[in-house]
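Protein sequences appear in the order of chains A and B.
Under UniProt numbering, the first residue of the first sequence is numbered 1, with each subsequent residue one higher.
Under UniProt numbering, the first residue of the second sequence is numbered 1, with each subsequent residue one higher.
It is possible that some hints are incorrect.
Said to hold, decoys possible - Which residues of chain B face chain A? A few of them, derived with a C-beta cut under 7 Å, are:
| # | residue |
| --- | --- |
| 1 | 73 |
| 2 | 76 |
| 3 | 101 |
| 4 | 106 |
| 5 | 453 |
| 6 | 454 |
| 7 | 457 |
| 8 | 506 |
| 9 | 507 |
| 10 | 511 |
| 11 | 527 |
| 12 | 529 |
| 13 | 536 |
| 14 | 539 |
| 15 | 550 |
| 16 | 553 |
Claimed, not checked - Derived list of chain A stretches under chain B, where covered just means 3 residues or more per stretch with a C-beta under 8 Å from a C-beta of chain B:
| # | region |
| --- | --- |
| 17 | 52-62 |
| 18 | 84-95 |
| 19 | 100-111 |
| 20 | 450-456 |
| 21 | 521-528 |
Treat the hints as calculated values from the structure; they're not laboratory data.
Just so we're clear, the structure is a prediction, and the values are computed from it rather than from any experiment.
By construction, the Cβ of each residue, glycine as well, lies at the ideal position given by its N, Cα and C atoms.
Protein chains: 2
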Amino acid sequence: MPLKNRVDVLIVGAGPAGVMCANALAMAGVDVRIIDKRAVKVATGHADGIQPRMIEVLQSYGLAERLMREGYHMHMCAFYNPRPDGGIERTSRVPSTIPPTSARYPFGVTLSQAAIEDIFLDSMKDRGVEVERPKRPINIEISEDDDELSSLSSYPVKVTVESLDAVNESKTEIVHAKFVVGADGAHSWVRKALGIRMEGEQTDYIWGVVDIVPETDFPDIHMRSNIRSTSGSCKIIPREAGLVRLYIQLSDADVVDPLTGRADKSKITPQKLISVAKKIFHPFKLADPKEIDWWTVYIIGQRVASSFSVKDRVFIAGDACHTHSPKAGQGMNASMSDTHNLAWKLIQVLREWSSLSLLKTYEHERRKFAQDLISFDKKYAALFSAKPKTVENGDGVSGEQFSGAFQSFGTLTSGIGVHYSSSTIVDPKHQICAKNLLIGKRMPPYIFIRAADISPVEIQDMLPSDVRFKLLLFIGRMTEARVTELTRFAQELSQPSSFLLKYSPNGDISAMFDMITIASGNKEDFDYLRIPEFFRPHWTRVLLDDTDVTGNNGGHGYERFGMDPEQMTLVVVRPDGYVGTIAPFESAAADMDDYFGSFMLPRGLDS
Amino acid sequence: MPLKNRVDVLIVGAGPAGVMCANALAMAGVDVRIIDKRAVKVATGHADGIQPRMIEVLQSYGLAERLMREGYHMHMCAFYNPRPDGGIERTSRVPSTIPPTSARYPFGVTLSQAAIEDIFLDSMKDRGVEVERPKRPINIEISEDDDELSSLSSYPVKVTVESLDAVNESKTEIVHAKFVVGADGAHSWVRKALGIRMEGEQTDYIWGVVDIVPETDFPDIHMRSNIRSTSGSCKIIPREAGLVRLYIQLSDADVVDPLTGRADKSKITPQKLISVAKKIFHPFKLADPKEIDWWTVYIIGQRVASSFSVKDRVFIAGDACHTHSPKAGQGMNASMSDTHNLAWKLIQVLREWSSLSLLKTYEHERRKFAQDLISFDKKYAALFSAKPKTVENGDGVSGEQFSGAFQSFGTLTSGIGVHYSSSTIVDPKHQICAKNLLIGKRMPPYIFIRAADISPVEIQDMLPSDVRFKLLLFIGRMTEARVTELTRFAQELSQPSSFLLKYSPNGDISAMFDMITIASGNKEDFDYLRIPEFFRPHWTRVLLDDTDVTGNNGGHGYERFGMDPEQMTLVVVRPDGYVGTIAPFESAAADMDDYFGSFMLPRGLDS
């Protein structure tokens, strides 16, 4: 099949941000192309950490099972600090993810970037989308015509794409796109072509990274470990198939060229990294590895792009718009989170379900996150690179300070702390109705039971990334009065003027919204047939806030979320799994009309 | 590839018992053929219930994931009884599996027999074994020569197999087998050919079965339900894909021919079954189904074969050796459990690792189970078919009696109550060392954590059905004294005279035994490197009895099993997951020598 030169979305770069985007678009049936300048994808090394929130995101695309099977699970983290007599000793072990009880996956997963990308590439391929390589953009032009820019039938971005190994066919082609996503890494061509600058600076911290199968008597080699010694710091990240990654702090003497005073990476070899690691490990032994799977050296830069988009037609994502130290395992996660945030918005707009203005929330949400990440990273990288407190160095960072900081950073590093601020799609007006269900944060995992068959159900599994808004109707206790209220509410929502019908394409509510009804009651006697049919489009859509038959899962969900079971509360979960808004029953219809009306197009525009 | 006319094992019948056996043998690389007289496999109906223990068994072969995904999960069971004013009402809902907390899978799974068989057929196919059909045995001869019967190099069973659709090739062939398994159903040709008789009798209970997609206002149609009404009894079994199976009690008037006084199945139609069900459902409505997926009528027979084997060269299994009522969902489970029990024994003997005498334990264990099952079934079927207690019928069975019996039968119907009695492979001598870990019962599920990386691990996942004996060394607390004891024990076990080396083929301990070391300690400071290397052949083999990082899984395993963490205890788990014996540290080496010596062949015989 010849490649189309008119596409809805052209993605530049097939790293984690690019493939996350391409897969999400492909799953929604969007016409997408993705190019990458590398002739073959990376095979080893690079990023390797998937944080708890990103596992949830993969699960929402149906991709977590393979990640979990192939990856290594990091449950605990050990801290090593200098002993008074030289060498290091373990001072504590703590859960690797903090707080583990609020996470669905109370651990991070490590797996090579190549294997993680494969999960997306295979999913895309099943939907007919493959990376075209080696190809790179050499020119990009965005229309200046306001009519074109405001129309969804036009293709206002023109990209000249060069095939790097073209022999028989034309070396360049022009691709006309409705949208372009530049996910082309820290040295992003797209970013530079658009004149977007990076704000922030390089640091003095220089680190080496090496992937090996270690032979050692270090007791916690199969655990995530942070070692701080008088010979420098080292971070251990266990990986799949017995691999272990070492992050090794380098001193100026190791890398700085005395003539120029500048870091010279060519002074470093993997053998040098191992020899530094050996000193840090003392008194534990680290044998020379038989093989070096991958290695690199980097100087930490902490920068955020001044803008994430041009005219909401071209976007940059991932390393193209933020760089930071890799030691908190944030890079790949932040990058994939960018395009997870962007993809559903592009799809809503391309389907003409939501207005172009929805796309403004991408920069609003993700640039703020990137800035928070950098400010966190500054503290974290400084702590990591700081000298430990010892008898000789009383001003150093103590073991307690370090592990305390590690723990307090937990909700950010796990990804579950991300909290988007107010916008058209985050309306915290009625936060009081569910005090512990924070509007702007991801819908937390929780076990409810299915009323019809008492199966335990993870609520997140009912919130797939399928571009639909999920309406969680917490109906509370099923009194007679409640049944009456629900019947009246069903009538109200069935009117053509209700938001459900007003914003659903061709009156097909289930294309745009997915309704889940959650009652408070007991599995021994709850009768879901009492709920008006409108609120149970299928028997699997009614959940109950009670424990399962073992008594070990579920129950007390209303309490957990800070909701009153005597009230009815409507929770809107965005297509990306974040709580968009919450409304009390009394004003729910009007509140929903306000909320969706702020970015959705009334169905009159469909045809 | 032409089919071999000399095979290690010939299986007759590709129902649940046959495919369980064929897959287990294929996974172990045994030379096996399996024939079935049906031209195509069953597509709908027949058995459909997988009980909690059988899910564990499937998991031990790596097959549970697909079952769980495709099947329907039965968590709860509702009871309906007559109302004083006519019609039925719900009197209670209870967990479908009792006691759910002791089960790894606290629910049964329902799925059509065809889909369950497919799971095995696909697994076998991956290993090059496929069912040959339509083919049937027409003659079977077992050698009378004692030398042949006691030799593993001879093929003492001669079976004439007829191809039922042979056109171009010979219609019959002679297959010479070392062993034959007759898994050819209730009307087993193998059983009849060997002159084995069924003991027991027909009952007067006549039931109809119908699989439909129901339209009803019966509130618990998606739950397992037992209805007892003045119009008869009905059992509801929800199934995959919205299907529901109804078991409907029929009265003599429905089926008995007044002329002959005998049951006449031809008097029954599925429409008749539905009309009986409608009466039982009253006051709830059951619409005429659009389609009948499958239906049948049966008269309950309760019989056990007088013998399960001839000369330990031909075995019968499944319905060929026991028939009973299907309402407790035992048929398919009992059948698959038969060959799960037999397969590893055949493999041990075929490899000349264990003596032929091991095979005697098949009948010892499975015939006893079948007898228990029948005596349970008599009570259960009688209860089910009895008239409910009402004002008019004061002698009937009350709702409390019925649901009480259902619950007390729970451990048997779930399959987890199976308890094999003493034999060469079940030695309860030292039961006192682990009071709650019953020798002869399956190793119960329990979460431990892996010492090296604090991953939670289900102990059953470390006990795959791989023909090896698992040695669980509970080493208790790691005191200095314990380290010394362990070092000495390691030396003792390393001697050529130790059972480990004596019974391992060519000195390859890991071919015959899998060692798992389980310590009592805390994840915050336990150091598994202190354990002598002999007891940690790989870092994943050392477990710790503590909670995982969430605090919600694991911990208190020694207490749960009734073990003293100040003592060392060795637990032997058989290849089929049952606890074979337990020994205290002091006599462990001698006890193991006694235990394995009673059925294993010293390695001198290998060559």
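Going through the hints against the structure:
The interface hint given for residue 73(B) holds, since its Cβ lies 6 Å from the closest Cβ of chain A, which is under the 7 Å cut-off. Contact between residue 76(B) and chain A, as hinted, is supported at the beta carbon level, the nearest pair being about 4 Å apart and thus within 7 Å. The interface hint given for residue 101(B) is met, as the beta carbon of that residue sits about 5 Å from the closest beta carbon of chain A, less than 7 Å. At about 5 Å, the closest approach between the beta carbon of residue 106(B) and any beta carbon in chain A falls short of 7 Å, and the interface hint on this residue holds.
About 4 Å separates the beta-carbon of residue 453(B) from the nearest beta-carbon of chain A, less than 7 Å, and the hint is met. Interface hint status for residue 454(B): upheld, as the beta-carbon distance to the closest one in chain A is roughly 4 Å, under 7 Å. Interface hint status for residue 457(B): violated, as the beta-carbon distance to the closest one in chain A is roughly 11 Å, over 7 Å. The closest approach between the C-beta of residue 506(B) and any C-beta of chain A is roughly 27 Å, which is over the 7 Å cut-off, so the hint fails.
Checking residue 507(B) against chain A by beta carbon gives a least distance of about 26 Å; that is not within 7 Å, so the hint is violated. The restraint placing residue 511(B) at the interface with chain A is violated, with a minimum CB-CB distance near 22 Å, outside the 7 Å limit. For residue 527(B), the interface hint holds, the least distance from its beta-carbon to any beta-carbon of chain A being 5 Å, beneath 7 Å. At about 5 Å, the closest approach between the beta carbon of residue 529(B) and any beta carbon in chain A falls short of 7 Å, and the interface hint on this residue holds.
Proximity of residue 536(B) to chain A is violated relative to the hint, the smallest CB-CB distance being about 12 Å (cut-off 7 Å). Using the Cβ-Cβ criterion of 7 Å, the hint placing residue 539(B) at the interface with chain A is satisfied: the shortest such distance is roughly 6 Å. Below 7 Å, beta-carbon pairs count as interface contacts, and residue 550(B) has one with chain A at about 5 Å; its hint therefore holds. Because the beta carbon of residue 553(B) sits about 10 Å from the nearest beta carbon in chain A, more than 7 Å, this interface hint is broken.
Restraint check on the region 52-62 of chain A versus chain B: 0 residues with Cβ-Cβ distances below 8 Å, three needed, restraint violated. As drawn, the region 84-95 of chain A meets chain B at 4 residues by the rule of a beta-carbon pair under 8 Å; at three or more, the given contact holds. Proximity of the region 100-111 of chain A to chain B, defined as three or more residues with a beta carbon under 8 Å from a beta carbon of that chain, is established by the 4 residues found. Only when three residues or more bring their CB closer than 8 Å to a CB of chain B does the claim for the region 450-456 of chain A stand; here the count is 5, and the claim holds.
Given a C-beta distance limit of less than 8 Å, the hint that chain B covers the region 521-528 of chain A holds, as 5 residues qualify and 3 suffice.
Consistency note: the structure conflicts with the earlier hints numbered 7, 8, 9, 10, 13, 16 and 17.
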